[in-house]
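Student: Read off the chains here:
Number of protein chains: 2
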Amino acid sequence: MSAGRPPSGTAVPGERALVRLAVDCMGGDHGPSITLPACKSFLETHPDAELILVGRPQALAAAEAWPRCTIVGAADVVESDDSIETALRRKKDSSLRVAISQVRAGEDGAAAADVCVSAGNTGALMALSRYLLKTLDGIDRPAIATVLPNERDRFTTVLDLGANVDCSAEHLLQFAVMGSALVSAVEGCESPSVGLLNIGEEAIKGSDTIKKAGELLRDAAERGHLNFFGNVEGNDIFKGTTDIVVCDGFVGNVALKTSEGLAAMLSDFIKQEFTRNLYCKLAALVALPVLRHFKSRVDHRRYNGAALLGLRGLVFKSHGSADAFAFEHALNRAYDAAKHQLLARVHDRIRDILTAMPETAGGPRAVPADPAGLLA
Amino acid sequence: MSAGRPPSGTAVPGERALVRLAVDCMGGDHGPSITLPACKSFLETHPDAELILVGRPQALAAAEAWPRCTIVGAADVVESDDSIETALRRKKDSSLRVAISQVRAGEDGAAAADVCVSAGNTGALMALSRYLLKTLDGIDRPAIATVLPNERDRFTTVLDLGANVDCSAEHLLQFAVMGSALVSAVEGCESPSVGLLNIGEEAIKGSDTIKKAGELLRDAAERGHLNFFGNVEGNDIFKGTTDIVVCDGFVGNVALKTSEGLAAMLSDFIKQEFTRNLYCKLAALVALPVLRHFKSRVDHRRYNGAALLGLRGLVFKSHGSADAFAFEHALNRAYDAAKHQLLARVHDRIRDILTAMPETAGGPRAVPADPAGLLA
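Order-wise, the sequence lines are chains A and B.
Residue numbers are given in the working numbering: position 196 of the first sequence equals residue 196, and the series is strictly consecutive.
Residue numbers are given in the working numbering: position 67 of the second sequence equals residue 67, and the series is strictly consecutive.
Here chain A stands alone, though its shape is the one from the complex (with noise of 0.2 Å):
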């Protein structure tokens, strides 16, 4: 059942007794001085978590005495600024790097920790993930999943955002099966449905890539291993029309940064606005209630934590402005997926749908039973 080590108690089917996850303290804009009290909060909620804590050992001093939390050392620190070649070459002591390698099994099967949770640099983590995890079978590309508001209060997750760029229809299809995974494990939604971001107008709909995407789709959703709803426009996204929204890297991360440009556009003219003279002032405390709960819905800490799927081993990446309200909200990302299985249920759907498919659209491979020794 678990990933990596034996349940250390009596665990609920489907559920891991215990939960482990590996954080890198030292990652993000603020190091230390937010990531631990997001971490001592969540220790306080989760009574059944462990931390592993990596960074500077002196930085971290103040953890020491905390119950259910191990400090690691790790010398080094990936700046946000940092090659990708000074993080996989130079600094091989970083807690980036120590943090992830808490995840990566042994050559008993077993690992440290069952996530990872880092506010440092996305390069490096994807790419010291990559080199240090590695992808799953029947996974070419591992993506970015992060979920989004919409109009039914619920969550839509949206990937890839920013891992890759010119994707093959097959990456689409192992971005639809991963994301699905993701959903039914966090959002306990067992049959979430995916569409597949393309364009409205008439004249054209979508590139040969997208088409293709929208045949594999159809054709795994006929084989029941996913739900697909079909094609879905940029506004869907916050409309709520899907539980998943598929597309690739580079046209996610640009629906991603401008949603955060034109959220960051509309409260700063709504500042302007109840500071332009007294009266405004004035109805703005009368107001203030109404703009506090409505700000609190949109708060875009509460959907902090997008997922790094398809590797051996499950990563969970924090915004690096990130304060210790949205880090906290991170760590119960990745606390939930790993407590819910989702690095077993990603390397079930993969392995299914691949045996299924037929070998034009990729498959079927030979997919060992348990390729990366999720289920010893």
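Check before you lean on any hint, since a few could be wrong.
To be verified - Here are the computed lysine-lysine pairs in the DSS-like style, where the Cα-Cα straight-line distance is at most 27 Å: (1) K295/B / K239/B; (2) K295/A / K271/B; (3) K295/B / K239/A; (4) K211/B / K239/A; (5) K271/A / K281/A; (6) K281/A / K271/B; (7) K239/B / K271/B; (8) K271/B / K239/A; (9) K271/B / K295/B; (10) K211/A / K212/B; (11) K239/A / K212/A; (12) K295/B / K295/A; (13) K211/A / K40/A; (14) K281/B / K271/B; (15) K295/A / K239/B; (16) K239/B / K271/A.
Think of the hints as simulated: they come from the structure by calculation, not from any bench.
Following the hints, position chain B against chain A.
Tutor: Chain B only, in chain A's frame:
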């Protein structure tokens, strides 16, 4: 000076004396019930404009007595769900087709109108425009450009927005040139800055196409043909980092639709919050003037009117769901473009840049001094 017909009065250099707009009055979700009031209001505020109203004569009877106004009959209407095939081959007397024909230069180089405006089916509008007007020399594909608001309380012009998928680096360069001509004509900004939409992940800085487009743009900037800022990300659209953001049609369409979706969700949430209970409703009353001012500032109707660039004639596209206020804004934008010689400016810029470009980048080509007969 004039694109098609001689000016009928004394022209200020760079401006035309009388601007003639051909309006497809039947297009869009609401047809004449919104296009006619918009035209009436437009005529009142633009004493140097003439309108050619195209559609079923009985539907346009109300406009018969208007000054500076001609009605041109067209029996068919292209519906929003009509195929391009239908629009091109079967509805040969559609208001859309007849309106576009008004800007096509005759054998004498003169056209009946300077610019055409329609709220009809985008695919049909683009296909008919390409078929009837042809592209300018040096332009492989027309592009759709629109404006979005930004934090600097100005406009960001984004193109392409859905006319082209799978663009080459040369296409992106052409979009940059056309966008620069548009902004310098309509916004009166002599050397507008151009950003190339890219992604910020360190792991991969865009596809090969984007990298090559960056080189072409830098090259054009060094020769003084463009003001190239460099790469921008999705959030820069609303930050207003550059005057123009260039991307392929798929990415641009997704960015635009995603923004529309987010704006709709936030607007919906604000409404919900201000009606949740009695206190919230009272707060809404107090905050109403502030909220109204905010709303007018981000009112998407003010940004209505996308330009189809790269054709031998000016065509503007209104949103299909536009109301009279929004449609009038599209008329205003079309008027500004025609008045400030957008067609001639695009032509000149394209000629200059192609003449100067190294052969490997698609140029130099034999560009006649006046390929479109613009300056006749």
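Student: Now tell me if each hint is right for this structure.
Tutor: To see whether the hints hold, each was checked on the structure:
1. Only pairs whose Cα atoms come within 27 Å are accepted, and K295/B paired with K239/B is accepted, the gap being roughly 18 Å.
2. About 13 Å separates the Cα atoms of K295/A and K271/B, which keeps this hinted pair within 27 Å; it holds.
3. Straight-line distance between C-alpha atoms of K295/B and K239/A comes to about 20 Å, which keeps the hinted pair within the 27 Å bound.
4. For a cut-off of 27 Å, the pair hint linking K211/B to K239/A is broken: about 34 Å separates their Cα positions.
5. Between K271/A and K281/A, the direct Cα distance comes to roughly 10 Å. Compliance with the 27 Å bound is thereby established for this hinted pair.
6. Taken as a hint, the K281/A and K271/B pair is honoured in the structure, with Cα atoms around 20 Å apart against an allowance of 27 Å.
7. With a CA separation close to 26 Å, the supplied pair K239/B and K271/B stays within the 27 Å bound.
8. In summary, the hint linking K271/B to K239/A is supported, as the alpha carbons are separated by about 16 Å, within the 27 Å threshold.
9. Taken as a hint, the K271/B and K295/B pair is honoured in the structure, with Cα atoms around 12 Å apart against an allowance of 27 Å.
10. Taking the CA atoms of K211/A and K212/B, the gap is about 26 Å. The hint holds against a cut of 27 Å.
11. As the CA atoms of K239/A and K212/A are separated by approximately 25 Å, the hinted pair is consistent with the 27 Å bound.
12. For the suggested pair K295/B and K295/A, the alpha carbons sit about 17 Å apart, so the restraint of at most 27 Å is met.
13. Distance restraint check for K211/A and K40/A: the Cα-Cα separation of roughly 48 Å exceeds the 27 Å cut-off, and the hinted pair is therefore not satisfied.
14. At most 27 Å may separate the alpha-carbon atoms for a hinted pair to count; K281/B and K271/B meet this at roughly 10 Å.
15. Between the alpha carbons of K295/A and K239/B the distance comes to roughly 20 Å, so the proposed pair stays at or under 27 Å and holds.
16. In summary, the hint linking K239/B to K271/A is supported, as the alpha carbons are separated by about 16 Å, within the 27 Å threshold.
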